[in-house]
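S.K.: Sequence:
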Amino acid sequence: MIIEGFTYVRNGLKMDYPFLVSIQSILPVVDRMIVVVGNSEDGTREAVENLNDPKIEIIDNLWDEELRTSGAIFRQQANIGVDALRGDWGIHIQADEVIHEKDLAKLREQIELAQARPEVDGLLFPFYHFRGDYFHIHNTRRTHPYEIRAFKTGRNVRSYKDSQGFRIFDPNDPGDVGTKLKVLKTDIPIFHYSYTRHPSLMKRKANYFHRFWHGDEWLKAHTEDGLFNFNEVDILERFEGSHPALMAPIIARKDWDFVYDPSQSNMKPKEKFLYWVQRKFGKRLFGYKNYKLIR
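Residues are numbered in my numbering as their position in the sequence shown, beginning at 1, plus a constant of 143.
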């Protein structure tokens, strides 16, 4: 059984993505690692090359700046990686996602178990969405609690929407809905560091990436300078676990302060009730599920 990883990144250094750590976090599990590098001006490609690992294969790509609907550019970039897969399994790790070293043996084991079951298309992973710093997570209905990050190849699996997850698409069907993958749930968390940057850089990143969802008029009305306010959120929870060892140098160089202020919560009454249910009973009612869970 051959397992291959894939990711995509552009200007990873400039935008302060932990993309090198993301790649390194799954290298022990994969036989080949595909890195789709968009046209960068900050040395991102050279940084990937300098990892000097024979498993890594770089695919250079020019981003289409006119592809500005619903984050479609990210789906396109992910699918370049999907199209390059030649093995039995693909593991997708995004440039701000990391897997803990203590879970690597378990990940390999879960893939082997799923490989033996023909009805299984892929594996589902829980997420830790960090926000503000490395000690607070965003665990509400505004974030996805689970998503597909590993799947069997040869089943017409493609990236879905803005590359949040994956679905099966009939190559003869021009539609964009696809079929949900049948998956097994793992207890291997994805450490998602999307909102762990200096507030000024976070604001610049948000301003830039908005263009891949919105038109020029929207950007004119909503783009502003200043600092990103991590407290503009419904609710955050304290993270008491350990981070992947590869993240230690990044966490150590953190150069901003974040103080969580629950009084700034923008949680709506309905969200408060549903969050209470989630905390009380451990279930998210009416939550979005981009998969079919196999028991």
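Don't read these hints as lab results, they were simulated from the structure. By construction, the Cβ of each residue, glycine as well, lies at the ideal position given by its N, Cα and C atoms. You may find that some hints are simply not true.
Stated by the list, open to error - Heads up, simulated SDA-like pairs for lysine to any residue below, C-alpha to C-alpha not over 20 Å straight-line:
#1 157 - 217
#2 245 - 170
#3 295 - 312
#4 348 - 366
Said to hold, decoys possible - Cβ-Cβ distance ranges computed for the label pairs, FRET-style:
#5 341 - 388: 20 to 28 Å
#6 193 - 247: 20 to 28 Å
#7 305 - 364: 19 to 27 Å
S.K.: Just to be careful, I want the Cα atoms of residue 348 and residue 366 compared with a cutoff of 20 Å; is the pair within it?
M.R.: Holds, because 11 Å separates the two Cα atoms, which is no more than 20 Å.
S.K.: With a cut-off of 20 Å on the C-alpha distance, tell me whether residue 157 and residue 217 pass.
M.R.: Holds, at roughly 18 Å.
S.K.: 20 to 28 Å was suggested as the range; check whether the CB atoms of residue 193 and residue 247 agree with it.
M.R.: With Cβ atoms ~23 Å apart, the hint holds.
S.K.: Are the Cα positions of residue 295 and residue 312 separated by 20 Å at most?
M.R.: At roughly 14 Å apart (the allowed maximum being 20 Å), residue 312 and residue 295 satisfy the hint.
S.K.: Are the Cα positions of residue 245 and residue 170 separated by 20 Å at most?
M.R.: Answer holds: residue 245 to residue 170 is near 14 Å, not above 20 Å.
S.K.: Just tell me: holds or violated, for the beta carbon distance of residue 305 and residue 364 against 19 to 27 Å?
M.R.: Given about 21 Å between the Cβ atoms, the range holds.
S.K.: Between residue 341 and residue 388, does the C-beta distance stay in 20 to 28 Å?
M.R.: With Cβ atoms ~23 Å apart, the hint holds.
In summary, this structure violates none of the numbered hints.
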